[in-house]
Amino acid sequence: DTAVSQTPKYLVTQMGNDKSIKCEQNLGHDTMYWYKQDSKKFLKIMFSYNNKELIINETVPNRFSPKSPDKAHLNLHINSLELGDSAVYFCASSQNLATEEYFGPGTRLTVL
Amino acid sequence: KQEVTQIPAALSVPEGENLVLNCSFTDSAIYNLQWFRQDPGKGLTSLLLIQSSQREQTSGRLNASLDKSSGRSTLYIAASQPGDSATYLCAATPTIKAAGNKLTFGGGTRVLVKP
Numbered sequence: 001d002t003a004v005s006q007t008p009k010y011l012v013t014q015m016g017n018d019k020s021i022k023c024e025q026n027l028g029h030d031t032m033y034w035y036k037q038d039s040k041k042f043l044k045i046m047f048s049y050n051n052k053e054l055i056i057n058e059t060v061p062n063r064f065s066p067k068s069p070d071k072a073h074l075n076l077h078i079n080s081l082e083l084g085d086s087a088v089y090f091c092a093s094s095q096n097l098a099t100e101e102y103f104g105p106g107t108r109l110t111v112l
Numbered sequence: 113k114q115e116v117t118q119i120p121a122a123l124s125v126p127e128g129e130n131l132v133l134n135c136s137f138t139d140s141a142i143y144n145l146q147w148f149r150q151d152p153g154k155g156l157t158s159l160l161l162i163q164s165s166q167r168e169q170t171s172g173r174l175n176a177s178l179d180k181s182s183g184r185s186t187l188y189i190a191a192s193q194p195g196d197s198a199t200y201l202c203a204a205t206p207t208i209k210a211a212g213n214k215l216t217f218g219g220g221t222r223v224l225v226k227p
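Respectively, the protein sequence lines represent chains E and X. Counting from 1, position 97 in the first sequence corresponds to residue 97 in our numbering; the numbering is continuous, with no gaps. Counting from 1, position 92 in the second sequence corresponds to residue 204 in our numbering; the numbering is continuous, with no gaps.
One chain only, chain X, in its complex shape (with noise of 0.2 Å):
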């Protein structure tokens, strides 16, 4: 069965600061992994998604790096500003899709990025 986790649960940055936060999987039978972002109260905003067959994804300030052999992605956030504070998510889909089997989540990692 497939767990996501996501460490640390929390992370706390000065603004301009390059923000790493980690992603690892254990079952490495995935089809595509997806990066959301969650703010207070609010819905989910899918950011980035990953095909296996790819190594990384690019939009603007943000990258996300996959490697499937290790079961890690990493999302990269350069020069974060106060407006990227908000729990970020990861998800794995799995290739088999028998039933009960769709995104599983990670615990999220919560950042506070300081003025």
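Same shape as in the complex, but just chain E (with noise of 0.2 Å):
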């Protein structure tokens, strides 16, 4: 069974578009996180939610919104959708901040 699980694997959609990513995980974590890997393969954080509340907001434009209906999924929804968004998104999770991270296989996003 698929311990972190993202969709769809491929998105490929025109500037401007809204468009969402959705994550779960089965492992029973209480931390989720989403990551951005650009064309330079430098992976950032963006945001962590901690028991469905948010604990880290890196500084990214207010276009992204993440919302976690529950501690199983983390969804990263973006609106008005740029060039530069395009790029790699991985979602993670760990049992809490301080432990071992495990990481989907990343949600590959083109904006044309």
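Just so you know, not all the hints are guaranteed correct.
What the hints assert, rightly or not - So the derived list for chain E, only partly shown, Cβ under 8 Å to chain X, looks like this:
(1) Ile56
(2) Val60
(3) Ala98
(4) Gly106
If you are wondering where the hints come from, they were derived from the structure by calculation, not from laboratory data. Beta carbons are placed, not taken as given, at the ideal position from N, Cα and C, and that holds for glycine.
With the hints in hand, could you dock these two chains into one complex?
The structure is reproduced here in structure tokens:
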């Protein structure tokens, strides 16, 4: 069984559209994250949720809005997509902020 | 602000040779350090996690050391195999769980093991 899953795996869309990426973990973890990996392969944290509460919100445009309906899910909604949003977005989870993180397979977003 | 650096950015070795991957971090106030493997077009797989109180961790052919005082961690892969070809990333977790302070990743070392 996949521990951390993301959908879709690939997303190609036009500039200006609104899209969502979903993440689910079946590990029973309390903390979930969204990371962005840019074209240079650098990974940077965007958001972190602990027990459905936002605890880390890096400097990302407010067009990005995470939503956690329950501890097992953390979705990322992006409004008014821009070319620079093209990247691979990774979801991850951990038991808490201090423990090992497990990553999902990533969602490759391409904005045309 | 924590900065994590991995040198070299790419490494090519013949099969059977031992691999030594370096990771350096500027702020020694870390809670733990984690090594990941990323295959092309794939997600990250956690390899080893070293707590700040530990000096090393081992898993099979992998051994990771941590020297907080010098701000370095090294990942050793013994008797490399073509299947070890991937990008290896290290990431540091700070002791202060302030907003915006979570895993800081290095740029990765891309490894190619030639048969």
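Status of each hint after checking the structure:
no.	hint	in the structure
1	Ile56	holds (5 Å)
2	Val60	violated (11 Å)
3	Ala98	holds (6 Å)
4	Gly106	holds (5 Å)
Hint compliance for this structure: hint 2 alone is broken.
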